[in-house]
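Chemist: Each chain, written out:
Protein chains: 2
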Amino acid sequence: MNKSKGRVTLPIEENFLEETKELMDRWGADALRDSDGTKMDEEMKKLHSKIYTTYFVARGHNEFAEQHPEEMQQLYLMSLYNTATESSLKINFLQGYFKEQIDADYVHDPKKWWEVIDRTTGNVIDPASWEVIQQDNQLLIRDAEPWHEYTVSFLAYMKWDPTQMYNHITNNWGDKPHEIPFDARQPYSQQFIRDYLQKWLKENPDTDVVRFTTFFYHFTLIFNHLGKEKFVDWFGYGASVSVAALEAFEKERGYRLRPEHIVDQGYYNTSFRVPSKPYLDYIDFIQQFVARQVKELVDIVHQSDKEAMMFLGDNWIGTEPYGKYFRETGIDAVVGSVGDGTTLRLISDIPHVDYTEGRFLPYFFPDTFYEGNNPVIEANENWLTARRALMRKPVDRIGYGGYPSLPYRFPDFIDYVEKVTNEFRDIYSKIKDAKPYTGIKVAILNAWGKLRTWQTHIVAHGKFYKQTYSYYGVVEALSGGAAEVSFISFDDVIENGIPNDVDVIINAGDAGTAFSGGEKWKDVRLVTAIREWVYNGGGFIGIGEPSAVHHEGRYFQLANILGVDKELGFGLSTNKYFTEKTDSHFMAEDLDVYYFGEGSGNIYALSEDTDIIEYSDGSVRLSSTPFGKGRGVYMAGLPYNHENTRLLMRAMFHAASREHDFKKWHASNMHCEVHAYPSIGKYAVVNNSSSQQQTDVYDGNGSIHNLTLEPSNIIWGEM
Amino acid sequence: MNKSKGRVTLPIEENFLEETKELMDRWGADALRDSDGTKMDEEMKKLHSKIYTTYFVARGHNEFAEQHPEEMQQLYLMSLYNTATESSLKINFLQGYFKEQIDADYVHDPKKWWEVIDRTTGNVIDPASWEVIQQDNQLLIRDAEPWHEYTVSFLAYMKWDPTQMYNHITNNWGDKPHEIPFDARQPYSQQFIRDYLQKWLKENPDTDVVRFTTFFYHFTLIFNHLGKEKFVDWFGYGASVSVAALEAFEKERGYRLRPEHIVDQGYYNTSFRVPSKPYLDYIDFIQQFVARQVKELVDIVHQSDKEAMMFLGDNWIGTEPYGKYFRETGIDAVVGSVGDGTTLRLISDIPHVDYTEGRFLPYFFPDTFYEGNNPVIEANENWLTARRALMRKPVDRIGYGGYPSLPYRFPDFIDYVEKVTNEFRDIYSKIKDAKPYTGIKVAILNAWGKLRTWQTHIVAHGKFYKQTYSYYGVVEALSGGAAEVSFISFDDVIENGIPNDVDVIINAGDAGTAFSGGEKWKDVRLVTAIREWVYNGGGFIGIGEPSAVHHEGRYFQLANILGVDKELGFGLSTNKYFTEKTDSHFMAEDLDVYYFGEGSGNIYALSEDTDIIEYSDGSVRLSSTPFGKGRGVYMAGLPYNHENTRLLMRAMFHAASREHDFKKWHASNMHCEVHAYPSIGKYAVVNNSSSQQQTDVYDGNGSIHNLTLEPSNIIWGEM
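For the record, the sequence lines run as chains A and B. When we follow our numbering, the leftmost residue of the first sequence carries the number -18, and every step to the right adds one. When we follow our numbering, the leftmost residue of the second sequence carries the number -18, and every step to the right adds one.
Calculated from the structure, these hints are not laboratory results. Be aware that one or more of the hints could be misleading.
[Said to hold, decoys possible] Subject to a maximum C-alpha distance of 27 Å in a straight line, what follows is the list of computed BS3-like cross-link-like pairs (lysine-lysine):
1. A:K444 to B:K562
2. A:K557 to B:K211
3. B:K92 to B:K140
4. A:K416 to A:K644
5. A:K211 to B:K557
6. A:K503 to B:K71
7. A:K447 to B:K447
8. A:K610 to B:K71
Use the sequences and the hints to build the structure in full.
Modeler: Here it is as structure tokens:
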């Protein structure tokens, strides 16, 4: 591989000029960026590179924020559950919240804006029956029903930006001021945000790219009374709420939101909840507002001949890149953190921007760069995982974050990143404009559809959850697979039917969640559309508890397609005859051992029509069932690994009755993949592992040849 | 132990007179009985013993039944689910049923008595839109909605008694006639049943005990098209249905039952379903009818100076011994099969009879008595398990079933039973009238209450189910524990509150089932009654998914008592802090390893108030939480073994805040138990295992002494 230059962004650090020059040279970096906490000095700015400057829109200006406390950002919060033991009940509604983050809003009338709910009945308590005791931060319910539980949904001010709060507490920043977030919807704040940006642009002529981190509203991140994380939802609209927003919503949409529409029984409408109509209306309303406001800031940036880049995270609420209004923002570029293939595709597939950039792991932080640790291992794992996705759709740039003085002390790491940056540029230069060959088209079906493209089963970006990894594996496997992937919602299917070019639909998730679908499956239009489509040849793959809602004797509403259902206990009296595994099956050809993760148990086959491929611990784990000309495939779960990636690819070709196309471009070894680019006449055989691999390669024309690939290696071939 | 006599019943066999005499002598038997398939000859009748004669009320008289086919027993059955692929749909509603068992009822108008349901919408189809094609046993729906699923609920005749069918098929009885069950509600049958009994009594003067097997309606047992079991529900009222019954019900109760009230989405109201009001009305209606009819037969028996004994099984529907009308039947005795401690208590606790008899395992059948097998092992296991319960409340007699010539070839077995029968008589003679000491009073709370005393989580009597053993262990542990056990229903609590003398309530089961309670937990009266009671000092033990129904942000509606709830995916954004185990706990004192069976996962503690005793695989498995003066204990599951019996006993004393009483009468070794009988001044230390055990014995006065017990041994002490 030749030494090449460009498409790489380096973080800077004070007093690190010469070393920065060296790293820029070694890694071919053509852009430098500062961070939250580092500032670029004049010498650095003179280096021959593009300069990104981190810009905070709605925080970091306490001199302004303190003058307008009434424009502080707000939240709707729910108290703990409180059991009444007599007819009066006092609720310390701030209990469990972090005093340094949260203040109750006594500016706006609690009787109008708060809600006290009897959680035993679900009834809202008449505001005449309760009163707020402001000096104690208590709420007193008179005429409470003994032994009922009550909650208070209250409007609060958020007086500390959650990201700065997180960094501040984590890094012991002591008496460094707490940055107060202000609300772009409020008049002074809106004006200030524009004025300050204009002023700042004038004062920062060397900046080429304004790196917005991000815009107005932080994803929901609430700390507890001990200053530890209490609630985190990377998609949460919590901090976008305000009296002004609620009033504007009512005016625009013609109805008033209840606190409960935001508080949602304390679940706060996480993306695992099947979204209610009011909540969908609300996020649409906020997205429109945010897009308009962002557009104004972008225009101001453009007037200074600079680029506007958005960081996908922190204050990104309302800017969803796959949302309806993102195009209108006029943003030039998006940068985001790449933890795996899924997050790479989340960034690289973003439409309507000039370029995308992925910030790769590891961060240059002491938790990785400490004596005795080998950071190359993490870097290599991250690169291999992300590279699969890069081969399908590359980001336009890569970069790193943190303090470069840390990796500088690890020469092997510097060497490794040199290799990675060169490999990235080599891949990019070859496939940038080449659409890779895809053998099959798959749609992920859930309550969110396109809006949450590559964002299914995420709670907090990058965090592992026992309840999600067995589903998250589906998108991770697909992120680097030779499949065309789309995300469609139940409402899409109901309104527009199933797109013509979809071969396979996947529905994966726990019962009741937005990813499985819950009550949505009682919608006749949804189930009939899918049944008709599969019957006429479509493939349906259900993972975990697909189409699950107990209704009319079925738990899986598509049990007739899937050929299996889940025993809830009501059906124990009915014998379950079908437990024999098939001798051989297309889906099973590469696998000896299965790994379904948490999986779902108590799954039984409905009839002998179902081919059971894996049955263990009294439950069908993998099966296939014909339905008309189509097929239904059931899987208990699909955590990510190379074997399950292969299994999913096989399952898709099988479900679509397209087995004959499976090996067109193909590597027999599960640790390898073949990516073909017909428009440029090239293909790549990729070793996704850190060991040497041998594989048969199917080259698209029916010929097979054997290759040996060194660890992590790519071998390019010509068609 | 002295050689003693009596309280033992032997099955007879043809041509086995001398050996029978010998067995009677060895085992001290004082009664002989015939079986389905054996007949007692004259020599045998002359032996000095009581004679039981098996009597079938509603089958075994084809000469009558064939003359009155319109009085054959009936069933409501549901077809398979059928997906419409166009606007007309033909349903082969008998598909999957056994032709030799089932005929469609074309005598009564299908348009009036059948129901066609769109299972996609739940709507009943207008009978004008469908027609039955009788010659093909098909039903044609015109104007079906394509891609909807349809079922037919149809009235059928059951032309073969299920028990005889089972025996016939299992034993290859070839062309032996199929016994046709007739319906005691029909005029000719009712008359025939009485007349025949009178005639029979005259013809059987030697019979002392008429052993009814049983009365009118068999539990639901339906075979499939291959003659294999398709549906079995030991509690099922399926075979009690008829047009006559439905019409009588309407007249008596003032409303008409729909087929769906019986068919119940194909679940047929198994005891795992939370019973609907119409179903409860229906079983009450049948029970009243059955009790009246049984009473008439019992009176006839009494007029012949014989006893009426009821076999608890087969055609026992409507005679539930813990039901409201059992007392009215006048039955003298009940005999039933003893598989474990629970089934022993199920029999021995039966009220309103003169005596009870347990039929012990193993049956004298070739599946146990074959060369090379040691039947003593099974006999000993069965005896040890049942003996625990016997020590609490003995049956009055024991007996065996099958062909005695089989065990006769196993001298060790004959010796062993000699020992068992002597031990039984010894125990019985001592404790017959002595109420054992109970340290604690526990109520099992579910949708069925008293009616299903000792009958929770049973599908088919004696059969293992993966979905039930982790709950069934609760009653099995209690059957031999020093606790007073009652069974109460949600409706009992709602109507009458919690009985004063209950220390602990247990709610155990999977979400949605009758044993957990499902939607019942949305009833404010239920949850408030329990919260108040626990707050004032009661103990609540929840096992598996107690009080589970998703409502207002809680899954466990008693989460405030239990201190734990189950994560369904909606709450993943909320941090779960509390995962640390307590260092020591009263409940944990005897146990090193826990065994929760299938357990329930994703259980988290709500606050630091919860003591977590066992936490594994990301889930709380055992915990305790204070609630006012009371406590809530959570357990993931409780399969039966000696360790879990100890755990449950500890959990009850702990939940009731009565730890100080736990060791009053107590064996330190978990394989041993102490049963005290204050009224006779005796106590028994029992080795429940087949190995020698050493134990400290707490003797009720605070003294402790050490004992060594031989395998299976009992040592009696004086107070």
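Chemist: All the hints need checking, so say for each whether the structure fits it.
Modeler: Now for the hints, and whether the structure bears them out:
The suggested pairing of K444 of chain A with K562 of chain B holds, with an alpha-carbon distance near 24 Å, which does not exceed 27 Å. The hinted pair formed by K557 of chain A and K211 of chain B meets the criterion: a straight-line CA distance of about 8 Å does not exceed 27 Å. The hinted pair formed by K92 of chain B and K140 of chain B meets the criterion: a straight-line CA distance of about 23 Å does not exceed 27 Å. Using a Cα cut-off of 27 Å, the hinted pair K416 of chain A and K644 of chain A holds, with the two alpha carbons roughly 19 Å apart.
Distance hint between K211 of chain A and K557 of chain B is fulfilled; the C-alpha atoms sit about 8 Å from each other, no more than 27 Å. Restraint check for K503 of chain A and K71 of chain B: satisfied, since their Cα atoms lie roughly 24 Å apart, inside the 27 Å limit. Of the supplied pair hints, the one linking K447 of chain A and K447 of chain B holds, its CA atoms being roughly 24 Å apart against a limit of 27 Å. A C-alpha spacing of about 20 Å is found between K610 of chain A and K71 of chain B, which places the hinted pair at or below 27 Å, so the restraint holds.
The structure meets every hint from the earlier list without exception.
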